[in-house]
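A.B. asks: Sequence:
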Amino acid sequence: MPDPIGTFTSASASKPLLEEAGFEVLSADGEPWMQDSMNPLEIEEETVQTIIDFVPTVAKDEADTIFLPGTAWRGLDAVEPLEQKLRKTVISVNQATIWLALRRIGWTEPIQGFGSLLRNFG
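Everything in the sequence shown is counted per my numbering, starting at 1 for the first residue and increasing by one.
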């Protein structure tokens, strides 16, 4: 799982939780520049294009899904382009939160532009 802010953050915290839930986590890699700066507040300033460029460098070929943790990371806007580029399901934490909230209120309409999770809603 690509991680926006390095080893001390969301990926390292998410990995054991995902594994406990039955997911096989092939990797949990952070962006090198963020590991060097160690300033998580900078993550909000990162461009979507930077995410789109970074994720394929750490995505494993054998993975069927890529999870983008971190609510401040602009992963939601990167989901659709990453799915097209990687030809894999990409799920951001914000996208999953939206999906769950909409399911709970009975939403069944597809939502375009934010990846297969929301596009294949109904």
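Each hint should be verified, as a subset may be incorrect.
With beta-carbon atoms standing in for the labels, derived distance ranges [to be verified]:
id	residue 1	residue 2	range
1	Ser27	Gly106	23 to 29 Å
2	Glu42	Trp107	31 to 37 Å
3	Arg104	Lys60	31 to 37 Å
4	Gln112	Gln49	18 to 24 Å
5	Val48	Phe121	21 to 27 Å
6	Leu102	Glu62	26 to 32 Å
7	Pro110	Glu42	31 to 37 Å
8	Glu19	Thr57	28 to 34 Å
Dumping the calculated EDC-like pairs for lysine to aspartate or glutamate here, alpha-carbon to alpha-carbon at most 20 Å [unchecked claim]:
id	residue 1	residue 2
9	Lys88	Asp53
10	Lys60	Glu83
11	Lys15	Asp64
Just so you know, the hints here were simulated from the structure itself, not pulled from any lab data.
Even for Gly, the Cβ is constructed at its ideal location relative to N, Cα and C.
A.B. asks: A range of 28 to 34 Å was offered for this pair. Does it hold for the Cβ distance of glutamate 19 and threonine 57?
C.D. replies: violated (23 Å)
A.B. asks: Between lysine 60 and glutamate 83, is the straight-line Cα distance small enough, at 20 Å or below?
C.D. replies: holds (14 Å)
A.B. asks: Could one say that the CB atoms of proline 110 and glutamate 42 fall in the range 31 to 37 Å?
C.D. replies: holds (34 Å)
A.B. asks: Verify the proposed pairing of lysine 15 with aspartate 64, using a straight-line Cα cut of 20 Å.
C.D. replies: Satisfied, since the Cα-Cα distance of roughly 16 Å is no more than 20 Å.
A.B. asks: CB of leucine 102 to CB of glutamate 62, is that within 26 to 32 Å?
C.D. replies: The hinted range 26 to 32 Å holds for leucine 102 and glutamate 62, with Cβ atoms some 31 Å apart.
A.B. asks: Between valine 48 and phenylalanine 121, does the C-beta distance stay in 21 to 27 Å?
C.D. replies: holds (22 Å)
A.B. asks: Holds or violated: 18 to 24 Å for the Cβ distance of glutamine 112 and glutamine 49?
C.D. replies: Given a distance of about 21 Å, which is inside 18 to 24 Å, the answer is holds.
A.B. asks: Given the hint that lysine 88 pairs with aspartate 53, does the C-alpha gap stay at or below 20 Å?
C.D. replies: holds (15 Å)
A.B. asks: CB of serine 27 to CB of glycine 106, is that within 23 to 29 Å?
C.D. replies: Since serine 27 and glycine 106 have Cβ atoms about 36 Å apart, the given range 23 to 29 Å is violated.
A.B. asks: Could one say that the CB atoms of glutamate 42 and tryptophan 107 fall in the range 31 to 37 Å?
C.D. replies: Holds, at about 34 Å.
A.B. asks: Quick one: are arginine 104 and lysine 60 within 31 to 37 Å, going by C-beta?
C.D. replies: holds (32 Å)
Hints 1 and 8 from the earlier list are contradicted by this structure; the remaining hints agree with it.
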